[in-house]
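Asks: Which chain is which? The protein sequence lines are A and B, in order.
With the working numbering as the guide, the letters of the first sequence map in order to residues 1 to 252.
With the working numbering as the guide, the letters of the second sequence map in order to residues 1 to 252.
These are calculated hints, taken from the structure and not from any lab test.
It should be emphasised that the depicted structure is a prediction, and the values quoted were computed from it without experimental measurement.
Hints may be right or wrong, so weigh each one.
Because identical chains share one entry, a pair is satisfied inside a single copy or across any pair of copies.
BS3-like, lysine-lysine: derived pairs with alpha carbons at most 25 Å apart [said to hold, decoys possible]:
id	residue 1	residue 2
1	Lys13	Lys38
2	Lys172	Lys239
3	Lys227	Lys19
4	Lys19	Lys176
5	Lys4	Lys16
6	Lys176	Lys4
7	Lys26	Lys208
8	Lys109	Lys19
9	Lys208	Lys239
10	Lys152	Lys181
11	Lys239	Lys62
12	Lys62	Lys4
13	Lys152	Lys4
Letter by letter, the chains look like this.
2 protein chains.
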Amino acid sequence: MINKADYVQSLEKGLKVLKAFGSDKKVMTLSEVAEVTKMSRAAARRFLLTYTDLGYMHSDGKYFELTSRVLDLGYTYLSSLDITEIAKPYMLKLSNLVNESSSIATLDKNEVVYLMRQQVSRIMTINLGIGTRLPAHVTSMGRTIMAMNDFKEELLDVFEYEQYTINTISNKIELKKELQKIRQQGWALVDQELEAGVRSISAPIFSKDGSVKYAMNIGCQANRVSKDRLITEFLPHLKEAAGNISSALKKI
Amino acid sequence: MINKADYVQSLEKGLKVLKAFGSDKKVMTLSEVAEVTKMSRAAARRFLLTYTDLGYMHSDGKYFELTSRVLDLGYTYLSSLDITEIAKPYMLKLSNLVNESSSIATLDKNEVVYLMRQQVSRIMTINLGIGTRLPAHVTSMGRTIMAMNDFKEELLDVFEYEQYTINTISNKIELKKELQKIRQQGWALVDQELEAGVRSISAPIFSKDGSVKYAMNIGCQANRVSKDRLITEFLPHLKEAAGNISSALKKI
DNA sequence: GAACATTTGTTCGTTAATCGCACAAATTAA
DNA sequence: TTAATTTGTGCGATTAACGAACAAATGTTC
């Protein structure tokens, strides 16, 4: 925690107002925003009016809603990444080759965050897209990144080990063993642990300094692609694509 | 412009710091941020430390960079849209059917902002993705949305009418005529006006209230798909997909 | 390694940005 | 029409945020 004098509370409050909007709150009145953010009505009003003036929100006089300009905020991050530009052609090629969806994600504490996605068909119940967050320990990309890094043991304690499906690894010891295995073999396969019917395989992407901040995957439906086929047929292509991206990142 | 007392200046400054980062400024020192944002070093420092404490930035002690958490900010907008979830299957189907890339965009003043994209192959020089902004008047989706709305004449004056290619419509009168034509025929085709070799066709998506806030397109390379083929073969599929999305939006 | 230049960290007095209450005005509900 | 609820606004009070100045740390040059 930083020094109180170094902290800009108005910025924190402003971001809290922005984040109050979402799929379950597409539009809100002033009073609703104040309630959700636990601010005074006057304070909430000032933030809403400031966002509106800056173009990030629109109001019809009663309801406030976000505008597309909010994407610019997320866009600054994506455009500051080298991997986005570099990986695109390899991801397209891989996806076309295996005729399945592919993604790249990074680790943020106990979650993976989707940075890129080339979708071939709808696999999961939820709509995966840039910005989507999933619990890292039950995803192939999350496990790959965790396994290839010297993560602190405490990270394993953060997970809730929810039993998403009957396949889900739901205790720390099993997870640790699985991560050690992944570290050795250099790839991860998650078979219907987060959602029944969904299977995915992942490989690490190495940055210039040798660290693994990203992973790439192929995701598919279990009734369409066997585990064996994923490993013997798809994994070589995935490794090649991830390897090409790694090489390209080294050349920057 | 709102009343000065209703404006939160710290929020504006904070967002300015966030937006200072991007493709040409992947990392910055404290002094660089202060310089770019024209703030005092002390002020810039407080914003940087606040972002870092909230998880939106990371610092190695000297350089600051954005983290994936910044995507959450843009994600709030995307997840507050109905169209994102609804359009996905139709877009996938369309893209697979015509074997070309498809996108959905919205209009923000004189620019279109990409909200969704299903890419089949690399078409344009720049990497198109969610959040990308392009000048509306030289894109098929921009023209579609403008044409289907009673936009104010003043909007035509905002464009700079840059001559991107020899095909570019580069004056107001021609653009206006083209928009009138689009309004009548209900679709737009832009042939190598923003970038040589790139051609795209677009159709409107109607919201529940009958307004057109979004458009959908098919984009392809001019040497692979003729204008005639775009119109006779691809347009029917595009219109069907856009129509299905429109219908689904009406049912919410 | 010393001297100098540049950048960053910190303190603190100042001030104006932001606060929230109270009441007016407008809108919505009964 | 009345009552309830929400929003708009003014304004005195408070403190959050300010930036200057100096210390400390880091980087550069010789």
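Asks: Up to 25 Å between alpha-carbons, please classify lysine 239 paired with lysine 62: within, between, both or neither.
Replies: neither (53 Å within a copy, 35 Å between copies)
Asks: Between the shortest in-copy and the shortest cross-copy C-alpha distance, which are at most 25 Å for lysine 208 and lysine 239: within, between, both, or neither?
Replies: This pair counts as within: shortest intra-copy Cα distance 17 Å, inter-copy 46 Å.
Asks: Have a look at lysine 19 and lysine 176 and pick one of within, between, both or neither, based on CA distance no larger than 25 Å.
Replies: Neither. Shortest intra-copy (34 Å) and inter-copy (39 Å) distances fail the 25 Å Cα cut-off.
Asks: I want to check one pair: lysine 176 and lysine 4. Are their C-alpha atoms no more than 25 Å apart within a copy, between two copies, both, or neither?
Replies: Cα proximity of lysine 176 and lysine 4: none, with 38 Å in one copy and 56 Å across.
Asks: When Cα atoms must be at most 25 Å apart, do lysine 62 and lysine 4 count as within-copy, between-copy, both, or neither?
Replies: between (35 Å within a copy, 21 Å between copies)
Asks: Have a look at lysine 152 and lysine 4 and pick one of within, between, both or neither, based on CA distance no larger than 25 Å.
Replies: neither (28 Å within a copy, 48 Å between copies)
Asks: At most 25 Å between alpha carbons: which applies to lysine 152 and lysine 181, within, between, both or neither?
Replies: within (17 Å within a copy, 63 Å between copies)
Asks: Should lysine 26 paired with lysine 208 be assigned to within, between, both, or neither, using CA atoms and 25 Å as the limit?
Replies: between (41 Å within a copy, 15 Å between copies)
Asks: Is it within, between, both, or neither for lysine 4 and lysine 16, if the alpha carbons may be no more than 25 Å apart?
Replies: Both, since 18 Å and 22 Å are each at most 25 Å.
Asks: When no copy is specified for lysine 227 and lysine 19, does a C-alpha distance of 25 Å or less occur within a copy, between copies, both, or neither?
Replies: Neither way: lysine 227 and lysine 19 sit 39 Å apart in one copy and 44 Å across, limit 25 Å.
Asks: Classify it for me, lysine 13 with lysine 38: is the Cα-Cα distance of at most 25 Å met within a copy, between copies, both or neither?
Replies: both (10 Å within a copy, 23 Å between copies)
Asks: At most 25 Å between alpha carbons: which applies to lysine 109 and lysine 19, within, between, both or neither?
Replies: Classified as both; 19 Å inside a copy, 24 Å across copies.
The structure fails to meet hints 2, 3, 4, 6, 11, 13 from the earlier list, while all remaining hints are met.
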